[in-house]
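K.L.:
Sequence:
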Amino acid sequence: MAGTVPAPQPPPGPPPRPLFWPWRANPLRRRTDTARAWLGLGVLLAVLAVAPLAGALVGDAAHRHYQDVARHQQQTRHLADATLLHDAPRHPEPGSDEEKKTRYPVDVRVVTREGRTRTTRAEVAPGLTADSIVSIWIDADGEATDAPLTGKEVRSRAAGWALLTAIGVALAGAAVHAVTGFVLHRRNLARWAAAWAETAPRWTTPT
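Residue numbers (the numbering used here): 25 to 231.
The set of hints was computed from the structure by calculation and includes no laboratory data.
Everything numeric in this text was worked out from a predicted model, so none of it was measured.
Incorrect hints may have been included.
[Stated by the list, open to error] Distance windows between CB atoms, simulated:
1) Q91 to G64: 36 to 44 Å
2) A199 to I157: 52 to 60 Å
3) D111 to K176: 29 to 37 Å
4) S180 to D111: 50 to 58 Å
5) G192 to W62: 20 to 28 Å
6) T58 to R95: 54 to 62 Å
7) G205 to S159: 53 to 61 Å
8) R88 to D111: 42 to 50 Å
9) T223 to G192: 40 to 48 Å
C-beta atoms are modelled at their ideal positions from N, C-alpha and C, and glycine is treated no differently.
Hey, can you work out the whole structure from these sequences and the hints?
P.N.:
Quick look at the structure:
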């Protein structure tokens, strides 16, 4: 219909940004854009430099720690024959794969290295009857415990700490970049508001 004012259309999306656009000459480029770009590059380089080093240092410290733990466990723990004091529960599905993995807590009697007889609670296979004998790990007090850490477990735990440290450094770098980016964005908004407050009155038609 002639004379009808067309409905406003949304502005087109921003054109694709060329590579290294924050450093290229551009009349619309703000100092904060360049600052954010340099900051992002600096954070990236810092993470790439610090993450492997921090991971290696923490992994080495963790490896030495768990080696000491393993040595202490080997000195204070040993295998002992344990006698069941009562029948272990039977698995509801005899012969299944789950039965091979399932263990039930049962009171057992063990003899420590010093010759003392102790009663402790150990995890045993299902269906064992009273007076059955099983081998379990016990500590210096005769309490059932886990086997000492193996070399593979020591390396695995140390590698886990090294990986967690490297990831932590990367997350810290991302957090620094996000926070500074937010601060710079707020500064841009504040400058835009101040510029608009100065410009708007010139666009206002006096009544």
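K.L.:
Evaluate each hint against the coordinates.
P.N.:
Results for each hint:
A hinted range of 36 to 44 Å for the beta carbons of Q91 and G64 is consistent with their spacing of about 40 Å. At roughly 57 Å, the beta carbons of A199 and I157 sit within the given window of 52 to 60 Å. Restraint check, D111 to K176: a C-beta distance of roughly 35 Å satisfies the suggested window 29 to 37 Å. One distance hint, 50 to 58 Å for the beta-carbon pair S180 and D111, is violated here, with the actual separation near 37 Å.
Look at G192 against W62: about 24 Å separates their beta carbons, and that is inside 20 to 28 Å. At about 55 Å, the CB distance of T58 to R95 agrees with the hint of 54 to 62 Å. Restraint check, G205 to S159: a C-beta distance of roughly 60 Å satisfies the suggested window 53 to 61 Å. Checked against the given bound of 42 to 50 Å, the beta carbons of R88 and D111, roughly 45 Å apart, stay inside it.
A C-beta distance of roughly 46 Å is found between T223 and G192, which places it inside the suggested range of 40 to 48 Å.
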